[in-house]
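Number of protein chains: 2
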Amino acid sequence: MPGGCRPARLNTPRTHRGVTPASLHAGGTVASARPATLDAHWRAANYLAVGQIYLMSNPLLTEPLRPEHIKPRLLGHWGTSPGLNLVHTHLNRVIKERDLDALCVWGPGHGGPAVLANSWLEGSYSETYPDITRDAEGMAKLFRQFSFPGGVPSHVAPETPGSIHEGGELGYSLAHAYGAAFDNPGLLVACVIGDGEAETGPLAASWHSNKFLDPVHDGAVLPILHLNGYKIANPTVLSRIPEAELDSLLKGYGHEPLHVTGDDPRKVHQAMAKAMDQSLDRIAAIQRAARSGSGHGRARWPVIVLRTPKGWTGPATVDGVPVEGTWRSHQVPLPSVRENPDHLEQLEAWLRSYRPQELFDEHGRPSPAVLDCVPLGRRRLGSNPHANGGLLTRDLPMEPLERFAVPVDKPGATLHEPTRVLGGLLARIMADTSKRRDFRVVGPDETASNRLTALYDVTGKAWQAQTLDTDEHLTGDGRVTEILSEHLCQGWLEGYTLTGRHGLFSSYEAFVHIVDSMVNQHIKWLKTSRLLPWRAPVPSLNYLLTSHVWRQDNNGFSHQDPGFVDHVLNKSPEVVRVYLPPDANTLLSVAEHVLHSRDYVNVVVAGKQPCFDWLTLDEARSHCARGAGIWGWAGTESGAREPDVVLACAGDVPTQEVLAAAGLLRDHLPELAVRVVNVVDMTRLLPREEHPHGMSGPAYDALFTADKPVIFAYHGYPWLVHRLAYRRTGHAHLHVRGYKEAGTTTTPFDMVVRNDLDRYRLVMDVIDRVPGLAVRAAHVRQTMADTRSRHHAWIREHGTDLPEIADWTWTG
Amino acid sequence: MPGGCRPARLNTPRTHRGVTPASLHAGGTVASARPATLDAHWRAANYLAVGQIYLMSNPLLTEPLRPEHIKPRLLGHWGTSPGLNLVHTHLNRVIKERDLDALCVWGPGHGGPAVLANSWLEGSYSETYPDITRDAEGMAKLFRQFSFPGGVPSHVAPETPGSIHEGGELGYSLAHAYGAAFDNPGLLVACVIGDGEAETGPLAASWHSNKFLDPVHDGAVLPILHLNGYKIANPTVLSRIPEAELDSLLKGYGHEPLHVTGDDPRKVHQAMAKAMDQSLDRIAAIQRAARSGSGHGRARWPVIVLRTPKGWTGPATVDGVPVEGTWRSHQVPLPSVRENPDHLEQLEAWLRSYRPQELFDEHGRPSPAVLDCVPLGRRRLGSNPHANGGLLTRDLPMEPLERFAVPVDKPGATLHEPTRVLGGLLARIMADTSKRRDFRVVGPDETASNRLTALYDVTGKAWQAQTLDTDEHLTGDGRVTEILSEHLCQGWLEGYTLTGRHGLFSSYEAFVHIVDSMVNQHIKWLKTSRLLPWRAPVPSLNYLLTSHVWRQDNNGFSHQDPGFVDHVLNKSPEVVRVYLPPDANTLLSVAEHVLHSRDYVNVVVAGKQPCFDWLTLDEARSHCARGAGIWGWAGTESGAREPDVVLACAGDVPTQEVLAAAGLLRDHLPELAVRVVNVVDMTRLLPREEHPHGMSGPAYDALFTADKPVIFAYHGYPWLVHRLAYRRTGHAHLHVRGYKEAGTTTTPFDMVVRNDLDRYRLVMDVIDRVPGLAVRAAHVRQTMADTRSRHHAWIREHGTDLPEIADWTWTG
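In order, the protein sequences belong to chains A and B. Residue numbers 1 to 812, in UniProt numbering, belong to the letters of the first sequence in order. Residue numbers 1 to 812, in UniProt numbering, belong to the letters of the second sequence in order.
Heads up, a few of these hints could be off.
Stated by the list, open to error - Capping the alpha-carbon separation at 20 Å, the derived lysine to aspartate or glutamate pairs in EDC-like fashion look like this: (1) A:Lys251 x B:Glu245; (2) A:Lys435 x A:Asp395; (3) B:Lys740 x A:Glu690.
Claimed, not checked - Counterexamples of contact, computed for chain A against chain B with all Cβ distances above 10 Å: (4) Pro153; (5) Gln278; (6) Arg352; (7) Ser353; (8) Leu392; (9) Trp534; (10) Ser696; (11) Pro803.
Claimed, not checked - On the chain A side, residues computed to face chain B include the following (Cβ under 10 Å): (12) Val318; (13) Pro322; (14) Thr447; (15) Ser517; (16) Pro562.
Since the hints were derived computationally from the structure, they do not count as laboratory data. If you're wondering where the values come from, they're calculated on a predicted model, not measured in any experiment. Even glycine gets a Cβ: it sits at the ideal position worked out from N, Cα and C.
Throw the hints in and build the complete structure from the sequences for me.
Structure representation (structure tokens):
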């Protein structure tokens, strides 16, 4: 592009207010574009964006603007809106001309007014919300509802037709775009990246997603880096480095940059149309070559760098201070319109500068010129079904679990690695979707470490960069997708599921906190989507958290954190599900359930280390269906009498310790009636009013009793169980053992001892809490305490657990 | 560098096992280095790294290796260790030759054996841990303790002398390095970045830190990108793109790359020494120019790209499969040494390949040749005081708070923006540290939005990129540091405080979850550091969370999340502190406390919007000292009788609603004895055994009573209060209102209504829960319910709150 980057120029106060048809035709060099109509569409969208921020009534300025036409509270973000409108206008053109199946991810989603304006212009909005008609009355409602009580959010949100990306927290647009493009070979996903967002870590890494995009089986992503120069109150890094340096960066990321720079709409329209055409030609050529087998080497995909002033076409100065082209136009450039007549006058002039009488007819309907560039039907960005992915979702094929289950003749007699068993099921699904290509497993380089290696028998790991002879399982079209970035794994899978496909994110339990903030946003998205009848349910976002807190002998304290469960349980109960299957068959049953589910975030915590098999598949199924239940074979209660004590457990290691404690109690205190309860679904502990899975009071009491001591060995932070169960009748008798940040450790058993979750400690808890047992069982208690001391000395001497611990098995 | 990048070559099974002095001298081209001694040091470090992973005894191989010499559990990461050892060796040389004050941040901190080996070689380890002497006996202990019960972690950790960076979660090394370099003009911070870590988002963004580093007032960062080609089970992105593309990327990041590539130790030593010299010459030139005023434009700092095989010098093949130079050498290359005689033999050959008899004397002391490159005293990387930053910490200057406090004649009569008031204090501290330069405020572009603008009267915003005439407050030497990346803000501040300086991170409450995982790691670091007598306490990491959940009228649902408090309260109570000051003066008092504190993570949640002033500075001080207290002036109890109900609150908006509810109760039900309790320090609610700030049972009961209804209006998720207070006598009578993900909203009052935290709902709660009141006060309850309905209709009509709400003030 001629001209290059001169930010200083963009900062000059602007006077342009659109272009006349004549001037555009005169200078028009874009082959197929009709520049005047493009400009008309852009002006209309700008007009509608300003209207949404300011106007309560008088939408078409049919009378002079008065204070009572203005909203009492001015909310919204103008700064990015004209740029988004420009992109939307030009996407419309190429979609229509090339009959493209296209989505757009709007990274600067704060610019909600822009995306709403375009959706209304193209008619998608009125089809989605018939009350907001495409005429003056609908325009008035569109304006009034924006960021108004009972109305719509000021950002791009689930309520926005055509969107799969909330404009809240920044950083994830490009990852979402790639997720949408994976396995959608016919799809173009444009992605506008604000230069503020481009400073975030997740976005900085997202550029490398192109090393994982297969031009044969995946669609294309067209990033549009929109440099308007500022974030809230500061310039942005990428807008203030030399253009050559930015080019070097983008080329280093593997992209071929095309520049569009300017503040003269006429020239920008031409340059943008040209850049769009060049980009799409280049994408088409890449895909053609790859799909015909004539491509070689990794593709260098285009990226458009669009430099236009922040708040472009808005007030150049306000109260004598430059606003357009500076950070001051970030939100509401004229803040005191109701109170300040000068501001009111300036607003009216600003609105009229778009010449609304040319853009809308007397009934407020967009003129034919405005709509000239707009595509039809499902090609419209606001109506593309990929952005309402549930419409396209198909159930996953799933063979009967019997095929993958482990045989269990008696509980606790055999060992399996639960995640390896799960790998069999996942591999089968992967194979059965090899044609449909609607299932992916993502992870930060831990698929093998997490023992899901059966997947590699049926698919490879996506990889477009260089390969060596010694590499294993790397293929261009693999559907296991691994990069050492939890942000990218999460962002890709969000984009993939929101466009209607299925997947699983397998991660280290401790480090999944890296995406705490992302899962917040995703849960909020799903919560809101569920309230919108027009949004079809999408496949759930499924986590498999393994390498968990109790098995960090190789890595220690820095790798111990079971708090992701706490984090998600703070969120909307309609969306959140948490499972802690205690063995291989329960993991299979849970996996079947979550992979079939819709609109949830499912967190499954499971071990990858050898773990005792407790339940047959049938038992596992019925246990999972209940979510929590009594393991009668493990306890010593009999008949109708309530037990003396309940040993409860959730999680694989706690379950093992509780069973070992139950065995010790059976041996040492055979007269004690012990009940063992295992909890798979943590939300069962909540009251019914607080979660759809919550147990009724009587059901809870039937499991845990109303007044007997309950010693609960929990996988994570112990207070979580109290937080879930504090309303229960028997809560005062509930004693929870869990993880408490006790520090470095070296064997799994040493770990449970340091956290007072071990079998010996649990037996001591029982003796301390069952009335009357303290004296009677004092010698047993002393034996337990002595064994713990012996363990302490032994492990420091030998580096391994006491033989009685290492060799323990259940003898029921 | 000649040769360039040929990963394939690095993959060739290796046979080199170090270099003979003769060959090195023959080929030696490095001016001042003594190549043979560098190689001796490197071999010694490699030997010690292998020894730590494998050996229980026989550390010097004085007898043939037998299974009983081998640890029973083999833990640790070999793959990265030889590369780290190479870097350490060469840093030693340049530090010694140039008398540098230097730190190194070891990004691939899994390579703990390497850093421990070097620390032992240079003597730092024995000085820190006198029991681990620098001789055969100490070497045996060094080996045995590694990742062994009662020993040290397998990663670089707080226990490692010279470290400020835990090798746990990856992504933060470069941000830590910049944080350490800021305001340390005499310091060189080398930073080894693994190519796995380089795939993470935070690391990808961290490269741009160079736009914020002032060559005059800050030290230098020398990134060393160590491409060994693999992460756990996969190749890495940056190792598999063409070298030209990588160069383009690094240049785009603003760096000047220098390459060191090879698998022949002799050549690599030479190339590495040359690259080190070139880098340091370049850094010195940049600093000289900038400091003499002759520099112009942003500096292009060097970066070293070091490509050596993963697991270099380890077993080339194991059981017929290539290991050296592949991902298979990531952890323990020979996994079955105790059981498999071939592996045992291979291990012995591997250890002997370093020629330990040349490296250690008969007593196991390092030979003079090994120690030739090692610097002395505090110049050693393991002994540099910057890595034990508390040694260098000075108390912050702090003028009396009276100077900044707001006058309060009576409660609730005036409004101030608390964060703006805090800005006055921060600005004063900033001014008073203008020479010392040991205080920074970091944030993601929100310092102005968060109304801390007084800072700009005394300092600027750090900025090294282009500036325009319209810019404000950008300066090269500013100590407000803003980038739209919470990861960088957090990483910088961690590096800054761990090297002994002070700071504050001001962030959006909802989006601080972006750094959940980072704060986990930092809290773990501090928890462990506190147990190490040799680590001096460092300034606390202080968060100011504002733009909080109750004031998201401009942004809505996506910007609402008060759960960071929940997240940190899962962590070690020794470290974590949480404050919710309800007004400007309490915020000042809290700020004074946290800025003086050490070794904590302090979370302060405070509003930026106008907020009623409740307490004078003296009252605020004594309230903060208690952490929670009765506001007698707000209640209606009298004399010794216990109140009928307690209205408790924590947070600014809940406090306002509770006071409004107290006013309504006083007006409508004057006979009711109401107590108002405000909680500033959330951890006061915990039992004493659970947190150092926890209240005793009697103290809790004296505040909240043992059996009266308590209606608690809490800033965040309501169950947090239950999780803190579930052990309290009166817990069954505790009813908490808080935030519950209720969805989009548009005014602050609408928000509290949607979450049932509003004054009317609180009054209804009181009526529902005080025995006998339901009938007597039915009409009051109805009035409250009617007002809520009126609010609902009014706000949807007018877009603003009911006048009686908008104009409410406290009339005590």
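So which of those numbered hints doesn't the model satisfy? Of the numbered hints, 4 and 12 do not hold.
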